[in-house]
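Undergrad: Given next are the chains, with one letter for each unit.
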Amino acid sequence: MNEPCPYIKIRKFFIKIEKEEKWLNDMSAQGWNLLQVSELGGYTFLYGLTEKRRYRIDYRVFKNQNDFDDYTTLFWDSGWNLVSGGKERGNQYFYSTNFEESSDIFSDERSKADRYMRMARHTLAMTLLICLPYLSIWWTDIWRFSLSPYQQYQVSELSHQTGFEYFNTFMELAVPLFLQYSLCICMVLMFLLCIYCAIKARVYHHRAMKKNL
Amino acid sequence: MTEVSYYVLLSLTKPMHGYAIMQNVEALSKGTVTIAPGTLYGILENFTKQNLIVLLGTSDGRRKVYQITPFGMEVLQMEYDRMRNLVQISDIFFAGRNRR
Chain U
30 MNEPCPYIKI
40 RKFFIKIEKE
50 EKWLNDMSAQ
60 GWNLLQVSEL
70 GGYTFLYGLT
80 EKRRYRIDYR
90 VFKNQNDFDD
100 YTTLFWDSGW
110 NLVSGGKERG
120 NQYFYSTNFE
130 ESSDIFSDER
140 SKADRYMRMA
150 RHTLAMTLLI
160 CLPYLSIWWT
170 DIWRFSLSPY
180 QQYQVSELSH
190 QTGFEYFNTF
200 MELAVPLFLQ
210 YSLCICMVLM
220 FLLCIYCAIK
230 ARVYHHRAMK
240 KNL
Chain E
830 MTEVSYYVLL
840 SLTKPMHGYA
850 IMQNVEALSK
860 GTVTIAPGTL
870 YGILENFTKQ
880 NLIVLLGTSD
890 GRRKVYQITP
900 FGMEVLQMEY
910 DRMRNLVQIS
920 DIFFAGRNRR
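If you read the protein sequences in the order shown, they are chains U and E.
Adding 29 to a residue's 1-based position in the first sequence gives its number in the working numbering.
Adding 829 to a residue's 1-based position in the second sequence gives its number in the working numbering.
You may find that some hints are simply not true.
Said to hold, decoys possible - Listed below are several chain E residues computed to face chain U (Cβ distance under 8 Å; list not exhaustive):
| id | residue |
| --- | --- |
| 1 | 859 |
| 2 | 863 |
| 3 | 922 |
What the hints assert, rightly or not - Calculated cross-link-like contacts (lysine to aspartate or glutamate; reagent style EDC-like; alpha-carbon spacing at most 16 Å):
| id | chain 1 | residue 1 | chain 2 | residue 2 |
| --- | --- | --- | --- | --- |
| 4 | E | 878 | U | 68 |
| 5 | E | 893 | U | 98 |
| 6 | U | 38 | U | 68 |
| 7 | U | 240 | E | 832 |
None of these hints come from the bench; they were simulated from the model.
If you're wondering where the values come from, they're calculated on a predicted model, not measured in any experiment.
Backbone N, C-alpha and C define an ideal beta-carbon position, used for all residues, glycine too.
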């Protein structure tokens with residue numbers, strides 16, 4: 030077989046895990062099977078596998094490789110093969126070739142709730158982890174939060190300078206401003222994601238309570 | 830404790846690894862209760878945190894083997910007593926009901 034197998038790369042971002050699973054299964058129905066997932070949301074698909082695959086996604090992070098191997102072996106024993114994932118990656122992608130309509134890696138609603146709780150917790154931890162280096166580089170500029178961008182511009186006396194001094198002062202003004210606003214936007218988005226995951230976890234928890242599981 | 834968790838704890842009165850627990854539960858319940866791997870992994874994690882089971886080691890280096898702890902046995906006994914009590918009360922209730 031010397032023909033190269035056709036493959037495509039698609040960049041997509043998902044918040045709802047169920048939507049992501051459905052998309053992967055739809056792609057598989059059309060003949061495109063998942064090969065790899067990159068951290069930045071790039072999905073690589075390969076065309077032409079004859080077997081039918083059902084994809085499911087878990088969210089879990091591990092402290093060491095032994096724990097991860099035990100986890101993937103348990104799934105492998107039960108017929109779920111790992112496509113893409115890692116001990117720190119979070120999203121673990123599995124497929125099964127021997128499945129029914131309702132085949133899933135979870136058999137009750139409570140474990141689905143726990144999956145979203147793990148997402149919420151880890152997103153929160155990552156948010157704080159990203160803030161720390163930002164703040165440690167930037168803590169001497171914290172006073173800028175009390176001034177608007179225009180006031181910061183006035184304080185820097187940029188308009189009184191020329192040539193190299195102008196460039197210097199401009200950078201000293203622009204870089205902290207950029208950090209200030211990008212940090213705020215990032216933090217807000219991350220917190221929103223946390224809250225969304227926590228809400229979804231509650232929804233599944235209520236479903237579990239209703240079924241009395 | 831949920832039905833599935835109880836089955837898992839009951840299985841671990843003997844040392845067992847993950848997939849063996851899944852098969853054991855299916856056999857014990859005659860096929861009516863099946864556990865999926867994601868759910869089982871979460872149960873084993875929680876039980877370990879609550880000290881109901883303990884990690885013995887790995888069989889062939891890749892599969893972790895667990896067993897119930899003495900505290901786990903106590904909890905299992907308590908659950909059994911609780912369920913037996915419920916069944917005894919229900920026996921009386923349904924016997925009385927079916928006589929009418």
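Undergrad: Run every hint past the structure and note whether it holds.
TA: So, going through the hints one by one against the coordinates:
1. 859: Nearest chain U Cβ about 17 Å off; hint violated.
2. 863: holds, 6 Å
3. 922: Cβ of residue 922 of chain E sits 20 Å from chain U, so the hint is violated.
4. E:878 - U:68: violated, 30 Å
5. E:893 - U:98: holds, 10 Å
6. U:38 - U:68: Judged against 16 Å, a Cα distance of about 13 Å means the pair holds.
7. U:240 - E:832: Between residue 240 of chain U and residue 832 of chain E the Cα gap is close to 12 Å, so the pair holds against 16 Å.
Violated hints for the displayed structure, listed by number in ascending order: 1, 3 and 4.
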